[in-house]
Structure formats: structure tokens, C-alpha cells
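Engineer: Sequences listed follow chains A and B, in order.
Each residue of the first sequence is one higher than the one before, starting from 117 at the first, in our numbering.
Each residue of the second sequence is one higher than the one before, starting from 3 at the first, in our numbering.
Read the hints as simulated data drawn from the structure, not as lab findings.
Treat the hints with care, since some could be wrong.
[Stated by the list, open to error] Stretch by stretch, here's where chain B covers chain A in the computed footprint (C-beta under 8 Å, at least three residues): (1) 143 to 149; (2) 460 to 472.
[To be verified] Incomplete in silico selection of chain B near chain A, CB under 10 Å: (3) Thr-15; (4) Gly-16; (5) Gly-33.
In this text, all values refer to a predicted model and were calculated from it rather than measured experimentally.
Think of the CB as a built atom: it goes at the ideal place given N, C-alpha and C, for glycine as much as any other residue.
Letter by letter, the chains look like this.
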Amino acid sequence: MNEERRRVFISGNEATAEGGIAGGCRHFFGYPITPQNKIPEYMAEHLPPIGGVYLQAESEVAAINMVYGASSAGARVMTTSSSPGIALMQEGLSYMLGSELPAVIVNMVRGGPGLGNVAVAQSDYWLSTRGAGHGDGRCITLTPYSVQELHNFTAGAFEIADRYQNIVMVLGDAILATMMEPCELIPRREMEPPGRPYAVGPHEAGERERNIVNSLWVDFDAMEAVNIRNEERYARAAAEITDWEEFGSDDPQVLLCAYGISARLCEGAVMRAEEAGVRLRLLRPKTVFPFPTVPIREWSERVDAMLVVELSMGQFVEDVRLAVEGRCPVDLLSRAGGNMPTVSEVLAKVREVAAKAGVAV
Amino acid sequence: MQAAHGRGPAVATGIKRVHPDSVVFTYQGDGDLASIGMAEIVHAASRGENFTVIFINNAVFGMTQGQMAPTTLIGQKTTTSPRGRTAAEAGWPIRICELLDTLEGPAYIAREALTTPPRIRSAKKSIRRAFEAQLAGEGFGIVELLSTCPTWWGMDPLEAIRHIDDTMVEHYPLRVFRDRPAAHDRPAGQQEEAGSDA
Ligand SMILES: Cc1ncc(C[n+]2csc(CCOP(=O)(O)OP(=O)(O)O)c2C)c(N)n1
Ligand SMILES: [Mg+2]
């Protein structure tokens, strides 16, 4: 598309909502929860005038099942929520993974567990990458780190969801949701007619086989076949869409690993690396499932140590350690509850980690 | 004790079943009780759980910044019904007292409005009566209180009070719907028999 792209100054929530519309989504089901209320409000404002559907569900449990229904009917559909609401959606996610249906879910993560608070957190990493309720299913998980990426990733998530017939989770947080930045808007894509090959819906007699959307497989082999098919999807996704970005020294002593808003912070640390007297590089995953295992493993053979920065007590760090497999020390700097480390604190930790690993600092 | 959104009646059930002699009540908004918590309130009421529900109906999700609630009136503008609620898109506003009044379980059901001094005095009486029902072991009591939300109604406080008296009460009539011991109450002897089945 060579339409001129409009550049606007908007919040992460608005960029996400507009990203959904740009990605061809015309069906939105949601339930209010801070810090992402501007997304359903934006959809309520913008979808009906363009022939779309905005519906406020009675709960997140209902919202995700409306998504399940709309997806089985072949629509590009999304819902958005924040941590406690995403927790309630787990059953629906599991059913959708069992039924091999696409959908886009955005989680603007807030502090927890419990009602927690409405401040920034990254403590739903496991919920996204391991969660999706019970059973063997996984959510493809994208980790934007700016308002622009929230927009782009949400728009692009529909293609990914369709390609793998799988849920795509966009993992934001309370800061990304509410902060404002310039954002270049992707032109709105037209709604796809809801005629997917697997979808239920009206069709002429004899035109095709009757489709059945189902996640109940009493037969052991039939159930296992679903699990195997899902694993094959994830293997394909790992080969095709694993994404990350690197920034900093080409010959680093310490590799910083962070995603989302923490990566934003770590960029600042890399820019001020001389203050720590350590050659520093940042690797920031843009997908955490599939996880950039390969580049992290490669760096683990070349750096003296890694430092993971995350706003939870240590979830993402486990995937980094699985990739590193003990080849170098992996340390963790974590804050929680809405707190964030400062760039200076990151640099102080870098010095400590480097010294422990025997780097002369 | 802070329950998850909408789950107050289930949590209160747990507390009351551990401490039957304690006074237990929930305090719930209309989004909480009539939207996400609809299942919990209906079943607690149906079981005739011996606690009291204070139900604040301001026809809007206040805490989360003014979204439509199940109780939002037709035509009312909210942040998620920016052109006004329509029945075609979002259905009709739910009358909780009338709905619970179809059940055998509740002992006391009333709707009051927190507007004028006489109405506030009446509300106090209903609240008192609902707690007395609990103390007497009569079972489930709920008092719905029509309350203002000037911020998300876009009104000043006086306008908001007038809005309740002029408009809201038309859809939500003020009434004591029920004031009697729960229908499931039986003589003591029968209750023991029922217990021995378990
Ligand atoms: C599972 C879950 N979903 C959403 C929320 C966000 N939330 C907090 S309060 C509330 C509703 C507020 O409306 P209401 O119950 O009517 O109370 P009011 O603020 O109007 O008094 C919502 C949706 C939450 N806390 N938990
Ligand atoms: Mg309310």
C-alpha cells in the first residue's frame, strides 16, 4: 500500500486499538479494566461507524468466549484486557488452542498477584508464554517496546494468528499503554469476508464439507494428533517469525537481555555504557514465544556474563537461562509492584555482574 | 476482606459458613454485581445465604472511568456507549431487585435512592431491616441504592440527584419487594433430617 502514512501523537492504548482496525479486525469484544480502558473506548467510538461490531461483554469470561465464537465463525477478532482479566480468559484461550483457532489478545500487564495495582509490571510473562489455561497449547507472544510497535505488532498479529491458526498475545504493560509517542499509522485494512476454510457459517449444500469446531477428543490418538499439530505449528513459528533486535557494542563483555518497557530502559543503559566501564550490548526479544534461543545461545559463548532486567521477580530470566544452558553466568535485576530500576541502577548492576565474572572494571 | 471483581457473594458465603454468628455483608457496584458477578449474586440469593448485600447502582462503571454498565439507561452516554446506549447494540438495563424477586431464597429485597433527606432516611431503614433479617437468621437480604456519579454522568451534584429522582426511578422503581423469612426456612426438626441425608 502506498497511501501516505499519517503520523500522529497518541497513547499506546489508542495505537493498539487503531492497530487492530488496521489489521482488518472489525469485531471487538471486551470488558473494562485499567490500564487499557482506552482500547475498548476507542473501539466503541470507531468500529460501529465503519460497519464493525463493538460489544461490551458482561465479563472477561464472556468476552473471550465471544472471541471464540467469532473466530470459529471465521472473523478477524480481538479482545484486550489487563492481568486479572487475562487470568479469567484462560479457559477460553485453552478451548481456542484446542480448536486451533486464531485470535489476537492484548494484555496491558499490571501489578499482581491478586487485584495488585494498575502500575507497570511484566509479571504475566509465564501467563502468556506458558499459560493459555490447561493443556499443551501455547500463545505466540509478541513484546512491543514502543507506541509504534504496539500499533505495528497488533496490526501484524492477525496475519500471524491466521498463518498458524493460533492465538497471538501482544504483551504490553501499564506504561506502554498510557504513554504517548509519535506513531505512524498503518492504513486500515478492509475486513476479510469471514469465509475461512475451517469456519462454521452459512454455505450452499454440497459446496463444502460441514465444518465442526471442537476441542473434545475422546480418542487418545485424535487428541494426541492435536497436540502434535500444535507442536508443529510452534516449531514452524520458531523457524519463521522469531524476532529480536540488538543494540550496542560489537564485542560486548556483558549482554543485557530485556523485553518491552525494560528494553527501553536498557537502551539508555547501553548509551551510557562507559559510565560502567563495561562493553555492553542489548538483546531485546520482539517475540518471546517463539523465543530467540539461537542468538542468546550464540552470545553466551562470547560474553563474560548476561544481565536480565525485568519487572517481575524472575520469569523471563528462566527462558534466557534455558537458552544459555550454563555457558555463562546469567544474573537478574528485577523490580516489581510498579517500581522500575533507574538507568544508573542498571549500570551499577552491570558493574557488579562484570566484576563477579572477572571482567576488569 | 477484598474479593475479586464480582465474587463478593461467593467470598461472603465462605466467610459466613465458617462464622455463622458473625455479621457478614458485601458492598458491590452495579458493574460488579450485575455484570461480571451476576452468577454469584443469583446463586447466593437463591441459596438464601444469610448475609446482606449493599448494592450501589450508579448506572455506570465508575472506578474504571465511566463505561457502560448493565444498569446504564437507554440513551445514556458513557465512554463505551459514546452515542448513547441502544437496546439494539447493548440490550436493556437490568433490574436486579425484580430479577432476584423471582427466587425463593431472599428474605429481604428493597430499592432505595440516596437523594432527598426522606429518601435517605428510608434507605437507612431498609439497610437496618436487611441486617436485622440476617441477625434473625432469616436469610439473604439486598438493598439496592440508586446513587449519583456526577463525574461520569457529566453533571454537577445537584443535577445528578435530580436525575435520579426524575429519570432513574422511572426505570428503577423504589420499593420494598420482599420482607419475609426465606421460603426455604423450615421447622427445626425438618432441617435436621435434611442435614442427616448429607
Ligand atoms: C476481573 C476484573 N475485570 C475488570 C476489573 C476492573 N474493574 C474494577 S472496578 C470495575 C467496575 C466498576 O463499576 P461498578 O462495580 O459499577 O462500581 P463503581 O465504581 O461504579 O462504584 C471494573 C470493571 C477488575 N478489577 N477485575
Ligand atoms: Mg457503578
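Engineer: Hint numbers the structure violates, sorted upward?
Structural biologist: Structure breaks hints 2, 3 and 4.
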